[in-house]
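Add chain B to chain A, keeping to what the hints say.
Residue numbers (this note's numbering), protein chains in the order written: chain A, 1 to 393; chain B, 1001 to 1393.
Think of the hints as simulated: they come from the structure by calculation, not from any bench.
It is possible that some hints are incorrect.
Unchecked claim - Below are the BS3-like pairs computed for lysine-lysine, each with C-alpha atoms no more than 30 Å apart in a straight line:
id	chain 1	residue 1	chain 2	residue 2
1	A	87	A	156
2	B	1138	B	1220
3	B	1138	B	1087
4	A	87	B	1220
5	B	1164	B	1132
6	B	1087	A	220
Said to hold, decoys possible - If you want the footprint, here are the derived chain B segments under chain A, 3+ residues with CB under 8 Å:
id	segment
7	1063-1069
8	1200-1208
9	1247-1259
All residues carry an ideal CB built from backbone N, CA and C; glycine is no exception.
Protein chains: 2
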Amino acid sequence: MQYQSFNPPQRLLMGPGPSQVSSRVLAAMARPTIGHLDPQFVRLMDEISELLRGLFRTRNQLTMPVSAPGSAGMESCFANLIECGDKVIICRNGYFGGRMQEMAERMGGQVVMVEDEWGDPVDPAKAEDALKQHPDAKVLAIVHAETSTGALSDAKTLAALAHKHNCVTIVDAVTSMGALPLEVDEWELDAVYSGSQKNLSGTPGLSPLTFGPRALERIKQRRSRCQSWFMDVNLVMQYWSGESKRAYHHTAPINALYALHESLLMIHEEGVENAWARHAAMHKVMRAGLEALGLTYIGRDGARLPNLNAVMLPDGMNEGLLRARLLDDFELEIGGGLGALAGKAWRIGLMGTACSAENVLTCLSAVGAVLAAEDSSIDAGAGVAAAARLLNA
Amino acid sequence: MQYQSFNPPQRLLMGPGPSQVSSRVLAAMARPTIGHLDPQFVRLMDEISELLRGLFRTRNQLTMPVSAPGSAGMESCFANLIECGDKVIICRNGYFGGRMQEMAERMGGQVVMVEDEWGDPVDPAKAEDALKQHPDAKVLAIVHAETSTGALSDAKTLAALAHKHNCVTIVDAVTSMGALPLEVDEWELDAVYSGSQKNLSGTPGLSPLTFGPRALERIKQRRSRCQSWFMDVNLVMQYWSGESKRAYHHTAPINALYALHESLLMIHEEGVENAWARHAAMHKVMRAGLEALGLTYIGRDGARLPNLNAVMLPDGMNEGLLRARLLDDFELEIGGGLGALAGKAWRIGLMGTACSAENVLTCLSAVGAVLAAEDSSIDAGAGVAAAARLLNA
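Looking at chain A on its own, in the form it has when it is part of the complex (with noise of 0.2 Å):
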């Protein structure tokens, strides 16, 4: 077999993950490697947990990330919060939540499911209701920002719900942090987990995540050690935390840390509100763009996603082979449907340096044109008519 070096075709990443990433991302990871103990690396450490803090909006002291996808920030928080039968409440409305569960029950977990259906956003009377039927419950899992649908849960009133209760949260905001509001701290959200991707724009493979005190509290109070060597806070912190003397754990992933430093560097610098605001203003652009393009939101209104637009595709239309026309034809990304969606809807992410009126542009004349080949009714520029507009006023 012959192998050659990979060079990548230059794509433009509009899908739910992983979003585009930077050149001043990508031209910090390829600096050169330096060791995990090097005290210049240790001054990395230090400032890519307060970057994280600002980002997560909390003082928490444990606020580093996971050497690992954001999946394993997800076991992380199970692994570290919960202890072989022990009761959680996990709310699902979309495909991670089932996951959550599918983490919980391995680990011996005593699982009690929340439902909501795919698209809407958790309803807090259904999860108070689950509080109060299983008082013995421990921890309250939720899904900020479903990936999945696009659906917006609402993260502050059901952690308190949770405090009432006596449960700690554990939230997944790997697809909320960075381009919507997330208050960590005000919110009093326990055990927050996302990734370096998405909205960070950073390269994929690492999960930062933050442990409150009450997150910290059940921790000392478990009866057994973490499952998991890799994933036990306790020894991750030992290496991570500033205060004393750094013990060797695991040689951390080095220029994927440089990759991360960057990519929050660079919120920094822009301002995390402003970067909310941003992705706010873009999310209605794209959406009276593609609207103008006849594809219809899913979810409900006021419970939706800046950064993820998932929407229906007229009857009829194959979505995959138009989603590969975009791809072979301009070097464009989006997302299709999940789970009950597949096959009917597409997901297009306006998601961190991504999210910009250039790209918001590109991406409604290439889904025009893919359109309009299928459908001659359709004005393959109304898209970039109705988005111009918006832009213009």
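For chain B alone, kept in the frame of chain A given last:
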């Protein structure tokens, strides 16, 4: 707080890891990110698996990189191959056998330790005694190359003993793969993990893994699901396997995989047997030089790693201070001793692309300089002179 882009110094990494990363690998890592389901990325994944099979010397279908550092590869082996209550025999002759114990105990394994001195290889007679005394044991775990001491153990003999006693083997090949003979199929090793770093000279953060037929059979016979969703190889392989439709498991660390591919390609171009020969040859040169400077090798003749030179310093020298001088004044990183060897020993790596004649000379000249500054009876050039004699022979 003021933040800036991170510009690391240009170190020469000759410690126990991370090792020097070549410019080819860094350049590959900085190529544009594409989607984890992009057809072009899927082809890259197939090539990575195939190149890894060449390096592991195996035809195992289940051969892929875990999306996390080597210690997650270690934990993946234990998490998939043992269940709560299973008896596991672990051979410890250094730091990493102790880590295996930690992991196996946390999963509920009944652990039997076989102890050898730090610096010695694992004694097959002791391992066989343990296998005989514990006929109900299911797994024998060994570290092929102990990074903490530089000791090489006889994986082939130990695997044969394990099979005679109906155990599957878990083998740590983090420091051996790519630098010295490792023959997964010929030696019938059942579950073997390594790291993307060390002799591969890739960036740290991934863990190549291969499972053979005995390991797969053990997984089939499990009474319970793998405790970890993230590490369950049944799920991971649905994404990595080229055989059927790929199922989404987690977002792959795209750019880190570009880097791994390039580092595997470099070894493929050289030929893995030539890489082994290069490590053996440079070890001889390094050894002549270090001994000429008055440093004495730890461990037993015939059981030393070529790529990890563990040496004792002359009495009374402050190894930490000298190591800091090497880093600050000469941009050279080497490692200190661990455990019983802390404060008394150095670990000098000769791994992957760093294992070259020019780096051996650079290292010996800097080490000579700092030793001569401490003790005027030491000739700073003696190491280089001894090495040059061998190189010129």
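Consistency of the hints with the structure:
For the suggested pair residue 87/A and residue 156/A, the alpha carbons sit about 22 Å apart, so the restraint of at most 30 Å is met. Distance restraint check for residue 1138/B and residue 1220/B: the Cα-Cα separation of roughly 14 Å lies within the 30 Å cut-off, and the hinted pair is therefore satisfied. For the suggested pair residue 1138/B and residue 1087/B, the alpha carbons sit about 6 Å apart, so the restraint of at most 30 Å is met. Of the pairs offered as hints, the one joining residue 87/A and residue 1220/B holds, with about 29 Å between alpha carbons and a cut-off of 30 Å not exceeded.
Between the alpha carbons of residue 1164/B and residue 1132/B the distance comes to roughly 10 Å, so the proposed pair stays at or under 30 Å and holds. Of the supplied pair hints, the one linking residue 1087/B and residue 220/A holds, its CA atoms being roughly 29 Å apart against a limit of 30 Å. Only residues whose beta carbon comes within less than 8 Å of a beta carbon in chain A count, and the segment 1063-1069 of chain B has 3; three or more means the coverage holds. Given as covered by chain A, the segment 1200-1208 of chain B passes the check, having 3 residues with a CB less than 8 Å from a CB of that chain where 3 are the minimum.
Requiring three or more residues with a Cβ within less than 8 Å of a Cβ of chain A, the coverage given for the segment 1247-1259 of chain B holds, as 10 such residues are present.
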